[in-house]
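Undergrad: Here the protein sequences line up with chains A and B, keeping their order.
Per the numbering used here, the first sequence runs over residues -8 to 921.
Per the numbering used here, the second sequence runs over residues 18 to 495.
Do not take every clue at face value.
[Unchecked claim] In silico BS3-like pairs for lysine-lysine, Cα to Cα no more than 27 Å straight-line:
#  : chain 1 : residue 1 : chain 2 : residue 2
1  : A       : K668      : B       : K414
2  : B       : K442      : A       : K668
3  : A       : K668      : B       : K154
4  : B       : K438      : A       : K668
5  : B       : K344      : B       : K417
6  : B       : K417      : A       : K907
7  : B       : K461      : B       : K365
8  : A       : K668      : B       : K112
9  : B       : K172      : B       : K112
10 : A       : K444      : B       : K112
11 : A       : K916      : B       : K137
12 : B       : K67       : A       : K906
13 : A       : K444      : B       : K438
14 : B       : K467      : A       : K668
Quick caveat, the hints were computed from the structure, so don't treat them as lab data.
Computed from a predicted structure; not experimentally measured.
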Amino acid sequence: MVMVVKHLIIVFILAITLQSGEVFGVDKSKFRSCGQSDFCARNRGLKPGTSPYIILPSSIHISPSTVSFDVQNTYFDNVFFITTISSYERGIFRVQMNEKSPLRPRYETKDILMNDLKPTSLAPSSVILHDETTEIKLQMNGVEVKMIIQHNPFMIDIYEDSTLVISVNDLGLLNFEHLRVKPTSPSSPLPPSDSTSDDNADVQQTQQQQRERPQNIPEYGSNSWEETFNSHHDSKPNGPTSIGLDISFLGVDHIYGLPERAVSLSLPSTKGLGIESDPYRFYNLDVFEYEINSTLGLYGSVPIIISHDEARTLGVFWLNPSETYVDVSEETHKHSSILHGHPQKTTHWVSESGVLDIFFLIGPTPSLVYSQYAQLTGTGAMPQYFSIGYHQCRWNYRDEADVSHVDSMFDFHNIPYDVIWLDIEYTDGKRYFTWDTGAFPNPGKMIDNIGAKGRKLVTIIDPHIKRDSNYHIHTECQSQSLYVKNKQGEEYEGWCWPGSSSYPDFTSQKVRNWWTSLFSFDKFPGSRPNQYIWNDMNEPSVFNGPEVTMQKDMIHDGGWEHRDIHNIFGFYFHQATADALIQRDPKQNDRPFVLSRAFFAGSQRIGAIWTGDNAAQWTHLQAAIPMLLSISLSGIPFVGADVGGFFGNPDSELLTRWYFAGAFYPFFRGHAHIDAKRREPWLNGEPQTTNIRDALSIRYSILPLLYTLFRSNNESGLPILRPLWFEFPSDSSLFHVDNQFMFGEQILVQPIVHPGVTSTTVSLPSSSTRWFDWFDHSEQKGGRTITVQTPLSQIPIYIRGGHILALKLRQRRSSSQMLHDPFTILVAPSSSGEAKGRVYEDDGHSFDFTKGVYNDIILSFQHNKLSSIPVSLGCSSSSCPTNDVERIIFLGVASAPSRVFSSSGSPLEFTYFNKKITVRLPKVKMQEEW
Amino acid sequence: MVSFIFYLSIILYATSIETVISSTDGSTNTMIRGVPKAGQMYLMLQDEFKCRSTTQIIPISRINDDYCDCSDGSDEPGTSACRQSTFYCPNEGYKGQYVFSSVVNDGICDCCDGSDEWAKPGTCPNTCAVLGAELKKHREEEELNTKLGMEEKNKYIEQAAKSIAEKRDELTANRDEVTSLQASVSSLEEQKKEVEQREQTRRDELSAIKAEADKKAAEEAALLGQNKQQTEEENLQKLLEQEVDGIFPAEDVAAAEPGPSTEHDDDDDEHSSFESVEDSGEAEEEEQEDAQNAEENNALSGQQESTPTPPEPTDALLDSILAEKNKYNEALAQARRELSDMENHIRKTEELLATDFGKNNEFFPLHGQCFDLTAREYTYTVCPFDNAKQAHTSLGKFEKWEPAYTTMVFSNGQQCWGGPKRSIKVNFICGAKNEMISVEEPSKCEYTAKMKTPCVCHDDHSTLLHHENESHLRENYF
């Protein structure tokens, strides 16, 4: 869903279309650049230099778990900041900084970090006070990690095993803008914002001191106290409140993360020689027809950077939900002499308000970084099994007959799917929790009919509430004062799908509690247990607001401005809806499924997100890979891009290729705009219907693996989609690769993302790795680039040697009918002839798995012997049946075996063909030890 | 060569897979599950099974052993083991049906006899009797419907044959008429030419007389040399008087020049014949264009009118010749108009006769008719072979049959904002009378309609049966 184009402006748009002939593309004038945002421009304008911030050595205090001290901004009198350094168990340093005595409290983020997060205690010997520096030395993950805090100027260097890896405030760009009183004296008027001069008079007028302003202290103009963009006024009652800081990653060529935007995986620099780009921006926005290769932030924000080189992987997490910009460059300062000739990535972070709260994840391996990050923001929620199947969506399936027809056509064409979706048109005039009774007279019955085949329905519910005095949700919001307020303290009013709308303040616990009560089956008429929810427009999208969102000076719970919380508004809404689904039926104890467009760090704990309103263009199919990898690297595993592309009409080739790519998206949904032609999988006719069915069959056959990968993520935070470097961290030739990805550690996928490709080259990493073609099981040696044929019926998919896959090859109409089906075990041995695998299963829907009700089986192949070791068989009820193993396939076997037999000595029937052994009906169960 | 020994650490497990060859009705006859009766005998006589479309040969015991041996799936007609396979349910009392192997033993009842859920007997109640009764009733209704439809269709065919024959006769008569009209036009043209020749002769005579008079006047002037200036003035005065008298009235010129305005009328006729029923914005636009063209033409003829006409001396004989010429001009214009009207009429008749009204022209009576349906907030109108509308919005003009004689495609309707030009496909099904029964908009501005008509009714039972066979799978899901 995107911002609407209302009738009033249709004429205008048409006129543009006729003139330019160009229909698609973001309207850049709607969105600010850094230069159009005073806090960004003034921070970006700072020049590196000696930082005016110093530590007062007398203030250094060492408690059992923290080192704290006061930092002074020496350019001002009496401006002090309390700074606290702490460390966390798995290898994390945290630096927090806030004003010592602010005029008003500054916003501190709640609800993002895990509740049980506790700093580790520091052994007295690990903190060493020197005259010039304070040193914290710790052993973390077998690495000696040292943090050296320089007192004057204030700077932090982090060393791993004596190698300098991160340097903080090296450029001296730390700029913590203390709250201040607006200068009102007519004798010292504020200089205009576009003042061209550096002249001393301005500096003197701006500051109470007579001292010269260094280049790394900003000057303030009238725009620092109020600002207008596209006729939207921001009153900025607190004036300048931003926080900026530079963080350098030393010795690295590649940094990743900073979602959400459509850029390459390895983040390009935004500053430096020949580069003129806006910084990466974090401001959750409903960007209509977003562009590829733009630093503009899209619907969600995770302010995390992952750096990687041959030696180590590191992460930096900047916890701040206000608008944030990050510049990336190769700029060097103090350490330039040491590192001459070595690569470096320098990042400059600026947030508009709040406090400084940074986490350094010291790795040093990729998986440890995720273990560390998961400790902070949590692991991914365990999804219900159905939700990792295929989802069929369209804006809009019009009525009950349409839903029933589409559902039956999947069966008619023998194409599996699990969930059908209803977009906004199902409601009565976009009043959520109601139905358009003309089109959906018996929604409950419709959902039950879908449910009879084990399928589910998802309906959309957005955070804007129609201002209609006959609409009970609106009247409840009014009577209980639940809406976000404007600066006069009245209900905030904006324009969205229903027309004039207001927005419940989801940052308030009271509002969230109220929201969860709305989903009970008696309050949401026609709703059913097999109905789940889609949260869209939660950036929030406000059609007539600045940059299609809420004004920054609107007021939330606790008196906080929208500016303080913007990037977590969508997170709170998503969380409240997920909680609502848990609470609507406590007896069922089911896990929620809620898809959200907006997200923030920690959204992985709630549910799925998708990359919003993409387009039916090859460039968007291409961009989906780095986008999904980037979000995955930011801790959110349950991600997908709309298959087919939301806007426009994919031709049959693009659609088919997209289904093959989508088969490996953790969240797999086909979706289309209301103006687009129908594109359900069978509509392009043969051979595409068969091709798309085959793509879906691949997806359904690997559901046991995908569910196991979700479990691994749920346990340890390991991403599901991984860049190649994640699995082959020492191969620097892979650090930029974003046309391929690993699905778990087991499968390499290279979607075909260009038209007319009949063959392609595939680089298979690691000369010591054996790779096996998914389709014909032939073996390819790693460390080579091969050319493969790519008919529309396949894309390059390779199973990595050393892994055992448990597949379900029987096709069913949805995942729920696969429960009793037998497994096929596929053994892809490593070069040493060994392989391992894991099968995790539980009831697929409830929270019982948290109480040990699950099966966890380890498969291992060594010395020509395949065995199964159930680590846990906690799930033995009817929801976890025992499954036969119908066949076992051993790949890459050089010559025919003379015998294959079971441990009891009984011979097993097998065939040997094309270097693989297929054992027929081995008469073993997956859930037994053998 | 090293010989590999694969050792599976397994505990032997007695097969839970049920009987491969099982009895469906408890009688002594054993049947192979998922195969229609016709196929049973073939399979049971063999020791080996040759996969249907591959070269693989497997022991007969491997049929329905819940393991997919044949890569074409043909060895597992009764289980879900092969992806490509289908399962046959006998559905005694209803009708036999193939379902995909993917629905065998999936806990959902697909066959009315429940045979697809054989692993858990009792999962599905046998509903074949009920369905059979419904089917019987439905078939009877269909038969009646078809019977009535066929009667109507035969009338249509008769009516079409009659109308078409009439049209053909009319066409022949019209063509004769064209010949005679052409003859009268030529004859009038001849006669007109003759009058024009006389006109020319008389004009030549008049110029000769005038030249003589001028010569005489010059001689007189030479004699009266002293009064030269005065005489010149008198001559000038005379000439001016002659000029004023000699100008033809403007109406005569216009009447004498038939030309472009008649042709333009033809164009107009053509437009109105195709678009008189149209009131889409586009048609209006075209009309505006026509109006503009007409204005341009008028301006052109205006220019012709204002072309200076040479001064003519007054002459009674010439006047009578000109009057005669006017008469012929008028007669010729009239004759040409009649000819062109007739030619248009013929063209329309030819077009009509060239239209594809079906194998036996059974759709002929639908031509010129329109059918309405009000669905949700709009009234849809379909005029077969002409156009379709949603209220006043054009959904397109008739473009083609696709496929022939079941679906009419109307395209190139009003442009849709953010979408294509509107279009509609009208699918015909057998009915006792013509009736629109549904209109849908599956994609934006791309409509589909269903219409009942006797035109597509068939009493051919073999066709019906064939249709039924084809839709075995389909019927399961509709």
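Undergrad: Decide if the proposed pair is consistent with the structure: K444/A and K112/B, CA atoms, cutoff 27 Å inclusive.
TA: 23 Å, holds
Undergrad: Below or equal to 27 Å on CA atoms is what counts here, so check K668/A against K154/B.
TA: Since the Cα atoms of K668/A and K154/B sit roughly 38 Å apart, the hinted pair is violated (cutoff 27 Å).
Undergrad: Does the structure keep K344/B and K417/B at a Cα separation of 27 Å or less?
TA: 49 Å, violated
Undergrad: Please work out if K417/B and K907/A have their alpha carbons no farther apart than 27 Å.
TA: It is violated: about 55 Å lies between the C-alpha atoms, which goes past 27 Å.
Undergrad: Need the status of pair K668/A, K414/B: alpha-carbon distance at most 27 Å?
TA: 21 Å, holds
Undergrad: Below or equal to 27 Å on CA atoms is what counts here, so check K916/A against K137/B.
TA: With a Cα-Cα distance of about 20 Å, the restraint between K916/A and K137/B holds, given a limit of 27 Å.
Undergrad: Could you grab the alpha-carbon distance between K467/B and K668/A and see if it respects the 27 Å cut-off?
TA: Holds, at about 20 Å.
Undergrad: Would the pair K444/A and K438/B pass a check requiring their Cα atoms to be no farther apart than 27 Å?
TA: Violated: K444/A and K438/B sit about 38 Å apart, past 27 Å.
Undergrad: Does K668/A sit within 27 Å of K438/B, going by the straight-line distance between their CA atoms?
TA: Holds, at about 13 Å.
Undergrad: CA of K461/B to CA of K365/B, is that 27 Å or under?
TA: The given pair, whose Cα atoms are some 35 Å apart, is violated under the 27 Å limit.
Undergrad: Within a Cα-Cα threshold of 27 Å, do K442/B and K668/A meet the stated pairing?
TA: Holds: K442/B and K668/A sit about 15 Å apart, inside 27 Å.
Undergrad: Hint check: K668/A vs K112/B, CA-CA at most 27 Å. Holds or violated?
TA: Roughly 37 Å separates the two Cα atoms, so the pair is violated.
Hint violations for this structure: numbers 3, 5, 6, 7, 8, 9, 13, all remaining hints satisfied.
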